[in-house]
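Model the full assembly from the supplied sequences, consistent with the hints where possible.
Protein chains in written order, with full-length UniProt numbering: chain Y, 1 to 266; chain B, 1 to 386.
One or more of the hints may lead you astray.
[As the list claims (entries may be wrong)] Under the rule of at most 20 Å between Cα atoms (straight-line distance), these lysine to aspartate or glutamate pairs were calculated in the EDC-like manner:
1. Y:K55 x Y:D79
2. Y:K137 x Y:D217
3. B:K25 x B:E265
4. Y:K181 x B:E23
5. B:K43 x Y:D50
6. B:K57 x Y:E196
[Claimed, not checked] Below, a sample of chain B positions facing chain Y; criterion: calculated Cβ distance under 10 Å:
7. H9
8. F19
9. M50
[Claimed, not checked] Sample of chain B residues at the chain Y side, in silico, Cβ under 8 Å:
10. M11
11. M15
12. D18
13. A46
14. L48
15. G63
16. S68
For the record, the hints were derived by calculation from the structure and aren't laboratory data.
Yeah, the Cβ is synthetic: ideal placement off N, Cα and C, and Gly gets one too.
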Amino acid sequence: MKAIVCVKQVPDTSGVVAVKEDGTMDRAAMATITNHDDLAAVEAALRIKDATGCKVVVVSMGPPPAEGMLRELLAMGCDEAVLVSAREFGGSDTYATSQILAAAIKKIGVEEDDVIFCGRQAIDGDTAQVGPQIAEKLHVPQVSYVAEITVEGKSVTVKRLLEDGYMTIKVATPCLLTCVKELNPARYMSVGGIMECYQKPLEVYNYETLKDDPLIDVDTIGLKGSPTNVYKSFSPPVKGAGMMLEGADKAAVDKLVGLLDEKHII
Amino acid sequence: MDLHLSKEHEMLRKMYRDFAENEVKPLAEWVDENEAFPEETVKKMAKLGMMGIYFPKEYGGAGADVLSYVMAVEEMSKVCGTTGVIISAHTSLCAAPIFENGTEEQKKKYLPKLCSGEWIGAFGLTEPGAGTDAQGQQTTAVKNENGDWVLNGSKIFITNAGYANVFIIIAITGVSTDKKGRKKKEISSFIVERTDKGFSVGKHEKKMGIRGSSTCELIMEDCVIPGDRLLGKQGKGFSIAMKTLDGGRIGIASQALGLAEGAIEETIKYTKERVQFGRRISQFQNTQFQLADMYAKTEAAKWLVYSAAMKKQNHEPYSMDAAMAKLVAAETASDVTRRCVQLFGGYGYTREYPVERMMRDAKITEIYEGTSEVQRMVISANLGVN
Chain Y
1 MKAIVCVKQV
11 PDTSGVVAVK
21 EDGTMDRAAM
31 ATITNHDDLA
41 AVEAALRIKD
51 ATGCKVVVVS
61 MGPPPAEGML
71 RELLAMGCDE
81 AVLVSAREFG
91 GSDTYATSQI
101 LAAAIKKIGV
111 EEDDVIFCGR
121 QAIDGDTAQV
131 GPQIAEKLHV
141 PQVSYVAEIT
151 VEGKSVTVKR
161 LLEDGYMTIK
171 VATPCLLTCV
181 KELNPARYMS
191 VGGIMECYQK
201 PLEVYNYETL
211 KDDPLIDVDT
221 IGLKGSPTNV
231 YKSFSPPVKG
241 AGMMLEGADK
251 AAVDKLVGLL
261 DEKHII
Chain B
1 MDLHLSKEHE
11 MLRKMYRDFA
21 ENEVKPLAEW
31 VDENEAFPEE
41 TVKKMAKLGM
51 MGIYFPKEYG
61 GAGADVLSYV
71 MAVEEMSKVC
81 GTTGVIISAH
91 TSLCAAPIFE
101 NGTEEQKKKY
111 LPKLCSGEWI
121 GAFGLTEPGA
131 GTDAQGQQTT
141 AVKNENGDWV
151 LNGSKIFITN
161 AGYANVFIII
171 AITGVSTDKK
181 GRKKKEISSF
191 IVERTDKGFS
201 VGKHEKKMGI
211 RGSSTCELIM
221 EDCVIPGDRL
231 LGKQGKGFSI
241 AMKTLDGGRI
251 GIASQALGLA
261 EGAIEETIKY
271 TKERVQFGRR
281 ISQFQNTQFQ
291 LADMYAKTEA
301 AKWLVYSAAM
311 KKQNHEPYSM
321 DAAMAKLVAA
331 ETASDVTRRC
341 VQLFGGYGYT
351 REYPVERMMR
361 DAKITEIYEG
371 TSEVQRMVIS
381 ANLGVN
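Written as C-alpha cells, this is what we have:
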C-alpha cells in the first residue's frame, strides 16, 4: 500500500490579505504556509505509515518555490515528493487543477490498495472542489470530511465529521479521502527528518511529463481551460463583536426579541 | 566566508520556533511559578530528536551539527530559560563527554538511551568546597578487590539531578607527587547511574531563576560501580571536566542569547502597544535607542556563539571562543533583560509579563559552568597575559 497526499501552498491569511488593483490576490506580497487541511491529510497518511510502514508520496501543483514546502513535508516523514509545475498549468481553476493533479497521480501510479488523501479545502479559495474532482477523474470512490481512518486490507473505514455528528463509512481501495484539520493535528518536523529531507527524492512533473495523458489538453488546463472567472477579490469587512445573552428564561427571550426588533430584523 | 545559514538550519529554526511557541511558551510561567520540571516537554523534544541533536545516528542521535543544537537551546530559551538549560546540561555535560571520551561499549550503552530521551543526563563536578576552584575536589573513588570503584562524597548545584538517570561524576582517584615534590590530586571521571547502590539525590535548591530546572545535591556513600564505568583514562578526569565545560559554555551562551532575544521580542511588542502621554512608548527616542543598542549587542553575541559552535563542529580549538561567547552572551542577557524590565515599567516588575522571569533566568548564565570571571581567566590565559 502507499498513500498519495495532495497538498497546496497557500497565502497566510492570518496576516494581511493583499489584493492587486485588478481585484486578484497579490500572492507574491503574502507569506506562504502549507494549507491547514492538507497538513491534516499528511498527518493522517503518516499515522498509517507509522502503523503499517507504507510509503507516503506528497504531490503539489505550484510554482517552483513550493519545493520548500515539499521538503518540509519530507522532513515530517513523507518518503517522496512530486512538484507539478509548468507555465502551462498557471491560472488553473479547480476544474483544470484536478485535471492536472489526476494526471500526475496516474503518473505516480495508483495501485489496488492505495489511498489518496486531500485536505478538505484550501484557505485561499475555500472551494473544497479539487479533491472530489480528482476522484471523479481517477474513477475512484471518494469520502469527504474525514476525521479518522482505519486501514483493513483492501478497504478503509473512515469517520466523517459532519455538522451534527459523525458518519462511519467503509470504502474499498483505491479511494480518495478529503481530511479535516480538527482531529489530525500535524506533527512537527524532526531534527533527523530535516537533516534527511534534501536527500529524499523530489521529482518535478512539467507539461512535457504529463502531456500524453488524455486529461492534459490546452482546453482543459491552465487559464484557458478554466471555466471559472474571478470577478473580484477583496478583504471582507470586519464583523462587529457578537453579543451573548445569558439565561434560558422568558426574560432572556424578551431581551433577544427586543434586540432583533430594534435592528429591524424581525 | 559564508554567514548565511544553510537550508537545513533555516528549516530547523522554523521547527524549533513552532515547537517553542506552541509547546514551551504556554508552560513557561507555570514551570517558573511551581518550580516544575517540564517532563512532558522533555518527552516531546526527545521524540523530535532534540535530546541528541549533534550525535551520529549510529548512537541514536539526530545526525545534525553543533550549530543545530545551539539553535535549539536558543529558541527554547527565548520563551523558557528552564527548558533551554535542560537540553544544554543533558547534551553538553553528559552525552557529549560520553561521546567524546567513552569506550565503544559505553557509547553503545548510554548514548541511544540519552539521545532518545529515555534517560536524562547530568554532570557532577561542583562540591561545597570546590566551585570555581574545581581542583579542590573532596569526592573520592577507590578501586576495591573486585575491581569495582567505590565512590564517597557529595556534589552540589547539579542541573537536571532530580530527573537524571545517568551522571558524569568527577572524583579523586589518588595523589601523585610532581617533579618538585608537590602533592597533586589525581582526578578521574566516572559514569554513575541513578540506581547504583549507595547513590542518592539530596536537597533540591530553591533558586532565583530557571526555577523549573532541577538543581540538587548528589550523595555517594560507599557507592559501588563496576570497573568499566571509568570514563576516559584514569587521572584524566580534570582535563575531561574542563573540556566538557568548554562545550557546556556554548550551550549556556546559547541559553543567554535566547533569553536576550526573547526579552527584546516581548519588549518590542509591548512598547508598540503601551500608550503614555498620548503616544505609543515605541515612539519615544529613549525606547528606540535602548532597543537598538540591545539588539546590536545581542546580534554581536549571537555571532560569537555561532562561531564557537562552528569551531567545535570543525574540531578546531574552541576553548577561548566558548569562553568569549559565554562571557558576552551572559553579560548581554543580564543587561538586556534588566533594561527590558525598565522599559516595561511597573508592569515589567510584575509576573503578569515574562520579562521579570527572563531577568531572573538571565543572572545564572553569568555564574554557572564558569563564572564571567572564569571566562576572563580563560580568555586572558589564551592571550598569554599572566
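Here's how the hints hold up against the structure:
no. : hint            : in the structure
1   : Y:K55 x Y:D79   : holds, 6 Å
2   : Y:K137 x Y:D217 : holds, 14 Å
3   : B:K25 x B:E265  : holds, 13 Å
4   : Y:K181 x B:E23  : holds, 19 Å
5   : B:K43 x Y:D50   : holds, 18 Å
6   : B:K57 x Y:E196  : holds, 11 Å
7   : H9              : holds, 9 Å
8   : F19             : holds, 6 Å
9   : M50             : holds, 6 Å
10  : M11             : holds, 5 Å
11  : M15             : holds, 4 Å
12  : D18             : holds, 6 Å
13  : A46             : violated, 10 Å
14  : L48             : holds, 5 Å
15  : G63             : holds, 5 Å
16  : S68             : holds, 7 Å
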